[in-house]
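Chemist: So the chains spell out like this:
2 protein chains.
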Amino acid sequence: MSASKSYLERSKLHSNPTAKAFLELMERKKSNLSVAADLTSKHALIELADKVGPYICLLKTHIDVVDDFDQDLVDQLTALAKKHDFMIFEDRKFADIGNTVKLQYSSGVYKIASWSDITNAHTVPGEGIIQGLREVGLPLNRCLLLLAEMSSAGTLAKGDYTTTTVELARKYKDFVVGFIAMQRYEDRDGDDFIYMTPGVGLDQTSDGLGQQWKHPREVIYDRGCDVIIVGRGIYGNGRDAAKEAKRYQEAGWNAYLERIK
Amino acid sequence: MSASKSYLERSKLHSNPTAKAFLELMERKKSNLSVAADLTSKHALIELADKVGPYICLLKTHIDVVDDFDQDLVDQLTALAKKHDFMIFEDRKFADIGNTVKLQYSSGVYKIASWSDITNAHTVPGEGIIQGLREVGLPLNRCLLLLAEMSSAGTLAKGDYTTTTVELARKYKDFVVGFIAMQRYEDRDGDDFIYMTPGVGLDQTSDGLGQQWKHPREVIYDRGCDVIIVGRGIYGNGRDAAKEAKRYQEAGWNAYLERIK
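Chain order of the listed sequences is A and B. Counting from 1, one number per residue, gives the positions in the first sequence under full-length UniProt numbering. Counting from 1, one number per residue, gives the positions in the second sequence under full-length UniProt numbering.
Isolated chain A (complex conformation) (with noise of 0.2 Å):
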């Protein structure tokens, strides 16, 4: 079962390139962390992102909340990226027609397809989200993760929902390598893909508006996941962002050490 092999044995049998250099890359830098950088300032995120650059491998951006976005902004990411060696996950959840997300995600003000390596996207439209997406994302050597479940109080994504969600992953495996999960599920004929939880925190429980934080060991240990997405845990509150990261880092490391020991 892929939940006890390491990263770098997951990333020689992986067919998607960016999946195998992302697998690699957790291994080489070892971390499982992502940061969510819901910043609003183009100053603050790109600081942020090189205060905790170090210790992720994976920066999550929403870029549509950032007020002073411009192509430098992307391209001063793009190369924090290279210098601290992470990739980049634009978290937009696409949730539209086939024929309206291959606009939204290769046009507009932010061309996503062309600097992001990860998008994700829900798939209460059906599977011709998917295959729009994949028709931009494909040939730039992209990769897509699909919405399985939410962290969020009173979620949809549950049961069925869940179900086909993850039978379209199958369906689409070139393109699509893995969740947005709160857990793992049962591989099928060689399946490998790679699940992101968000919802993670050392300190806090919930938010008010619905959020609910886990623990990275709950995450990784328990739930057989393989990337802990954290946001306001690393820098909300005056936290000491590369510090936290470092924490963080560390926990989540230490759970996957455990679970393929």
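Worth double-checking, as some hints may not be accurate.
In this list, chains with the same sequence are indistinguishable; a pair is considered to hold if it fits within one copy or across any two.
[Stated by the list, open to error] Dumping the calculated BS3-like pairs for lysine-lysine here, alpha-carbon to alpha-carbon at most 30 Å:
id, residue 1, residue 2
1, LYS171, LYS158
2, LYS173, LYS158
3, LYS42, LYS111
4, LYS12, LYS30
None of these hints come from the bench; they were simulated from the model.
For this one, chain A is given, so just place chain B on it according to the hints.
Modeler: Chain B only, in chain A's frame:
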């Protein structure tokens, strides 16, 4: 039942100021047509809005596909809305947790809440998404549609997903004024939701990426919906947008007159 009442009667009973104004506008303009303006150039979008403006009640935008978006585009669109008497609906399909959608709605390059009368959201994240958008939108007199169903093939917005979405709308009636849906649901406790239906076409039935088209009469008369959303049927394949908009306006309005008589 609200489906048998005129838009004008319904406007008099509606508590949300924007929904009220929108129902009045439909009656005044004799239009239940929304044009889905999925264009990637600012010039083309403004030109289309000006051409179809006289025939529509609502311009539906995907502002994030416009390559040369700037504040002047927003200024021109809002000026055209005033000139031709229509409202603007940014079809953002918000789909994230409450804390994130608050930022996506209010901030970033687009500042959607500052100019879009109506926007919409998926309920897959749970009710936090409505709470987050409501915190931003209610003080600005904005309103929200929930995606209860979609027009695309294999959509997961069905069954329990749809039922829960309708319950959430009832819980936040002061802000949620209607649905993206393929049919009208039963009223309860004096409900009056506005039903908008995409995937409407007079001449074609599918696009090969999962989108499926229905006739205006089927949508308004048979299914009891209120607004037909038409995109490529109006401006695709070199069509004369003004001429087509007039044709759809008449088809939609005649079906409505037949329904309420």
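Chemist: Against the structure shown, which of the earlier numbered hints fail to hold, in ascending order?
Modeler: none
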